[in-house]
Amino acid sequence: MARNIHIFALTVLAVSALVSSVTVNAQTFELPKFSVGTFHSAKGFGVSVDLSNYDSAHLNSFALFLDMQSILDGQSSSPGIRARYNYNHPLCSKDLKNGDKFQLYAGPGITFGYVRDLNSRVGLMCGVSGEIVGTFMFENHLSLSLALEASAAFHLREDNNIGVLDFKFFQAGLVNLYQPELRIQYYW
Amino acid sequence: MKIKYVISAVILLLTAQFLSARNPERKVEITGGLEWGYTATFYQNHNYIFYDEEGMRVDIVGGAFDYVSNGHILGRLGLRFFNRADFTFNFGYSGIQDARRILTYSLRTGYYYKGYRNNGIFNFIEGGVGGASTFESLPIVFGKLGAGYRIKLNKDLSLDAIISYQIAGDHPKNLEDKDHNVIAYYHQLRRSDIFNSALNFSIALNF
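Protein chains in written order, with numbering that gives the first Met the number 0: chain A, 0 to 187; chain B, 0 to 206.
It is worth saying that the hints were derived from the structure and are not from the lab. Check before you lean on any hint, since a few could be wrong.
Claimed, not checked - Mimicking PhoX-like on lysine-lysine, the simulated pairs with C-alpha atoms at most 20 Å apart in a straight line are: (1) Lys100(A) / Lys113(B); (2) Lys96(A) / Lys113(B); (3) Lys113(B) / Lys26(B); (4) Lys32(A) / Lys93(A); (5) Lys151(B) / Lys96(A); (6) Lys26(B) / Lys177(B); (7) Lys177(B) / Lys113(B); (8) Lys93(A) / Lys26(B); (9) Lys96(A) / Lys167(A); (10) Lys151(B) / Lys113(B); (11) Lys100(A) / Lys151(B).
Said to hold, decoys possible - Partner residues aside, some chain A positions facing chain B, computed with beta carbon under 8 Å: (12) His39; (13) Leu90; (14) Asp94; (15) Asn97; (16) Leu117; (17) Asn118; (18) Phe137.
Since we're looking at a predicted model, the values are computed, not measured. Each residue gets a CB set at the ideal place from its N, CA and C atoms; glycine is no exception.
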């Protein structure tokens, strides 16, 4: 438990340091107004939507996906469901050859769902999250994003052996940090 | 654990391909990609012969609709020919039945009607083998026939939407019912053949 808290603290600090160390003029950072598409990861599959705020200085990222914890290794056959919202800050933008563009965002958020933890039954999960996203935007209005996300949350579930309710730290939120998320979206 | 190694291997493969230079004027060029998606197994043919505890021979032959959800992921590496065709070696991880997931090794050839790096329809045929471990005596043999639509993202990268029909021949060690209760064990079985028919719905990124 203590080790997990240290890992989470380091992750949050790293993301915060990255966000605060880079100053970006919001007017030169052309954020897409609206993007919608699919979400693909070993964590799960679903939909993702991005909306820039009124002054196009920040990105509101939403994801709703079927949670695949314990599905891919055959322990269960029923996926959970999870939602996430992140308030992303632009870090950098680079024009590539061929007219493509690369943008990097990071930011904190919240996550909740009805999911499984490592070797546990399904239960309610709620907590905070942080993500860093690299996005390639192509001229035909399609974008590919690769993201790393970690969450610090709590999980309310039935104990595997004795059937009483258990309130534990959601370990999968940190352990699954290494599983990248791929988002394929159409942007306006 | 196996799927994590597969995912890591295909990500490394993609990175290597992304870093190599693309030249559409070359007649033959190295190409590759990553494909993943949903596998809907919908029909199973089976042929079992076993001897029960009383020594009586039992034959079970038939087919039935049986819907099982699975997934697949595979990495592809091969050659593109004359801007219309490719030939690739694929390595991946796929579910073919309930609680049956295998590593797959296959060869695929495809034809791209509007050109390999242009928007347009393509077809492919694929065949290969697979197994849950290297110690299986009889490998699973499978074949796929598919079609898709390619969307060009830039001159190096394209996105495919694919649908394919897959048939996979398996030889289960034990005969089990739907609840995985054993009806006949390995030493009782004289024949254990099943053919699973499935539809795959996939997305692929190609270099």
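Each hint, compared with the structure:
1. Lys100(A) / Lys113(B): With a Cα-Cα distance of about 26 Å, the restraint between Lys100(A) and Lys113(B) is violated, given a limit of 20 Å.
2. Lys96(A) / Lys113(B): Roughly 24 Å separates the two Cα atoms, so the pair is violated.
3. Lys113(B) / Lys26(B): With Cα atoms ~16 Å apart, Lys113(B) and Lys26(B) stay inside 20 Å; holds.
4. Lys32(A) / Lys93(A): Roughly 18 Å separates the two Cα atoms, so the pair holds.
5. Lys151(B) / Lys96(A): holds, 15 Å
6. Lys26(B) / Lys177(B): violated, 51 Å
7. Lys177(B) / Lys113(B): Violated, because 46 Å separates the two Cα atoms, which is more than 20 Å.
8. Lys93(A) / Lys26(B): violated, 33 Å
9. Lys96(A) / Lys167(A): violated, 49 Å
10. Lys151(B) / Lys113(B): At roughly 11 Å apart (the allowed maximum being 20 Å), Lys113(B) and Lys151(B) satisfy the hint.
11. Lys100(A) / Lys151(B): holds, 16 Å
12. His39: Holds - the Cβ of His39(A) comes within 8 Å of chain B, reaching about 7 Å at its closest.
13. Leu90: violated, 21 Å
14. Asp94: With Cβ-Cβ at 13 Å, over 8 Å, it is violated.
15. Asn97: holds, 5 Å
16. Leu117: violated, 14 Å
17. Asn118: At 14 Å from the nearest chain B Cβ, Asn118(A) fails the 8 Å test, so the hint is violated.
18. Phe137: holds, 5 Å
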